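Could you put the whole structure together from the sequences, leaning on the hints where they help?
Quick note on this note's numbering: the sequence shown kicks off at 1 and runs consecutively.
Just so you know, these hints were derived from the structure itself, not from any lab.
None of the values given here were measured: they were computed from a predicted structure.
Incorrect hints may have been included.
Said to hold, decoys possible - Cβ pair distances, simulated, as ranges:
1. 179 <-> 252: 35 to 43 Å
2. 212 <-> 266: 17 to 25 Å
3. 145 <-> 177: 50 to 58 Å
4. 166 <-> 31: 44 to 52 Å
The C-beta atom is built at its ideal place from N, Cα and C for all residues, glycine as well.
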Amino acid sequence: LGRPPLVALPGANAEAAPLQDNLAAAMLALGRPGEAAAHCRASLAIDPARPKAHYRQGRAHMALGEIPEAVAALEAALRLEPDNLQVRDALDECDDILEAAGGPPAAGARAAAASAVPWGLPGVGEDLEGELLAHLFATAAGELEAEGQVGAAIHLAHREAGRGVGWGSVRIEGAFQTQSLLREAVGFVRGQHQVFHALLGATVCQKSRVGYPLVWYAHPWPFPLEQDAVVFEMRSRGGRKAWAAPLERRRAGAEAELGLPVELDPECYLLDDDMAILPA
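Listed below in structure tokens is the structure:
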């Protein structure tokens, strides 16, 4: 997935470029900006006029401390979408960094960012973790574009012989309204035989459609409380990890889109341990 397709068929490229964009978003969320930049380069090799790829490439360079390169990527995005508020905000951040440093940041900051190693889910390798987050992100983004909202769902990942990882999902609309409804929905999913062979269970919901649990009031939250977001919570048989992707508008009056996922505080999670989807 780190290279453009060898056979440049229009239909294949139409699918491959968004996939690379989503993988870049997942790598940024996992603290792997070098890999995010590589996916952006693959996307731009397919189609150089992809604002999201330029923007995420800029964010990757920022995370690596490569501010001049970040500015170049963000300016390329801005030429394609002059009214993109996300890109303008990122450029402002770059200006602030350069002004504070009196020039490009020191190499030490770049090395510190590159050496940061995120904690992974037990039993789930980093590559698979990135693939799973990219799948969840792409599914939610497509649903938001098609329906204007993201429905609550539980996703199960399992290995398929000779075909890598497969997914199954169960919609649990209305479950995130009360504790009893949520327990009932999770209990139903846990009773399905597919759960016993699953590698990972993931819960996805839209913040504005949640009545319980309101975790953003009780634990550190990376966005203003009034901002809507989509929450992704992944659980293996030995741990959990969660992200939130803000709903953002690239320009005034535009439809909301998913912003880049941000990893949440370890205490900020949707399902208590006694509601874990996968058996220990």
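Do the hints match the structure? See the list:
1. 179 <-> 252: 35 to 43 Å: This hint holds: roughly 39 Å between Cβ atoms.
2. 212 <-> 266: 17 to 25 Å: 20 Å, holds
3. 145 <-> 177: 50 to 58 Å: Between residue 145 and residue 177, where Cβ atoms are some 25 Å apart, the hint is violated.
4. 166 <-> 31: 44 to 52 Å: 27 Å, violated
In the structure shown, a violation is registered for the earlier hints numbered 3 and 4, in ascending order.
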